[in-house]
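Since chain A is already given, all that's left is putting chain B on it; use the hints.
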Amino acid sequence: SAVISQKPSRDICQRGTSLTIQCQVDSQVTMMFWYRQQPGQSLTLIATANQGSEATYESGFVIDKFPISRPNLTFSTLTVSNMSPEDSSIYLCSVGLAGLSRETQYFGPGTRLLVL
Amino acid sequence: DAKTTQPTSMDCAEGRAANLPCNHSTISGNEYVYWYRQIHSQGPQYIIHGLKNNETNEMASLIITEDRKSSTLILPHATLRDTAVYYCIVRVNYQLIWGAGTKLIIKP
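So the sequence lines, in the order shown, correspond to chains A and B.
The first sequence begins at 1 in the numbering used here and counts up by one.
The second sequence begins at 1001 in the numbering used here and counts up by one.
A couple of the hints might just be wrong.
To be verified - Here are the simulated BS3-like pairs of lysine-lysine, each with C-alpha atoms no more than 30 Å apart in a straight line:
| id | chain 1 | residue 1 | chain 2 | residue 2 |
| --- | --- | --- | --- | --- |
| 1 | B | Lys1003 | B | Lys1069 |
| 2 | B | Lys1103 | A | Lys7 |
| 3 | A | Lys65 | B | Lys1003 |
| 4 | A | Lys7 | A | Lys65 |
| 5 | B | Lys1003 | B | Lys1052 |
| 6 | B | Lys1052 | B | Lys1069 |
What the hints assert, rightly or not - Which chain B residues stay away from chain A? Per the calculated CB distances, all over 10 Å, these:
| id | residue |
| --- | --- |
| 7 | Ala1017 |
| 8 | Asn1023 |
| 9 | Asn1054 |
If you are wondering where the hints come from, they were derived from the structure by calculation, not from laboratory data.
The beta-carbon is built from N, C-alpha and C at its ideal position, and this holds for glycine as well.
Next comes chain B alone, as it looks inside the complex:
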């Protein structure tokens, strides 16, 4: 079973920051949080991952709470091409356990 819970869907206006929350209250100390997205039934695309520190790359930022029980993925300037299903995943050993994800719709 997935160790994460996410909203089923979210909307965001184009050009604004999209903030996607994720709860992982049962995460263990050595388990990483990964984010992927899947655009229109393409293969999932890796976005970012972290353990306990906040992370940033060219695609997004990942904010992890101090107790590690939740995190937020931030897309700083959302575009229409960011419309996708976003998956927050806790990696258990080498396995990615996939939940249902959040369908993010970017509106013009």
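One chain only, chain A, in its complex shape:
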């Protein structure tokens, strides 16, 4: 497996501001993923971030709202831009580790965001 950390662990933000969430892994990984989990809901994939290429966004998520950086094989950031109360969620990063049966994803602890 991998040890994954996220910063901040939680934050309370004002609407209209932006927050950048960091994800750090203790080993080099090719694939990193960003998810959103709205209150009481399951996980929804925001985007896939591979080093050396632009992030690939899922339907309903756009780069202007959720810009992602992936400067190296151990680090990624997700920015939640121009926040509104609807952005209040847990944001999770995960990494894909290759194995005999292809990639298994391991998750960070999450960033709990409350937008007022």
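Frame of chain A, contents of chain B only:
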């Protein structure tokens, strides 16, 4: 959309085996079944995965039917710390498509 259906909630007595069912009738031949759990809004924790053979690790066993249309996750000796939401997921290419999961409550 999720390719799996699970009971919304289940109870299990502490020390007993917890058997969590999952239906994935539209699964394709090369798609894996993954199980994760999420304890009290922590990050999801990987449990086990399989393709067609039964699998066992230190956490659980995964029993997949011969037609691959359903599976069961078995926690052999449930403890109070196993109370969590358990997600059965069919991985499509590299993506995990999450359903609503089963809330498992272990009772003393």
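Here is what the structure says about each hint:
Restraint check for Lys1003/B and Lys1069/B: the C-alpha separation of about 11 Å stays at or below 30 Å, so the hint holds. Note on Lys1103/B and Lys7/A: the hinted pairing holds, with a Cα-Cα distance of about 28 Å set against a maximum of 30 Å. Distance restraint check for Lys65/A and Lys1003/B: the Cα-Cα separation of roughly 28 Å lies within the 30 Å cut-off, and the hinted pair is therefore satisfied. Simply put, Lys7/A and Lys65/A have alpha-carbon atoms about 19 Å apart, close enough for the 30 Å limit, and the pair holds.
The straight-line distance between the Cα atoms of Lys1003/B and Lys1052/B is roughly 16 Å, inside the 30 Å bound, and the hint therefore holds. Distance restraint check for Lys1052/B and Lys1069/B: the Cα-Cα separation of roughly 10 Å lies within the 30 Å cut-off, and the hinted pair is therefore satisfied. Separation of Ala1017/B from chain A is adequate, the least Cβ-Cβ distance of about 25 Å exceeding the 10 Å criterion. At roughly 16 Å from the closest C-beta of chain A, the C-beta of Asn1023/B stays outside 10 Å, upholding its exclusion from the interface.
For Asn1054/B, the shortest C-beta to C-beta distance to chain A comes to about 14 Å, beyond the 10 Å cut-off, and the non-interface label holds.
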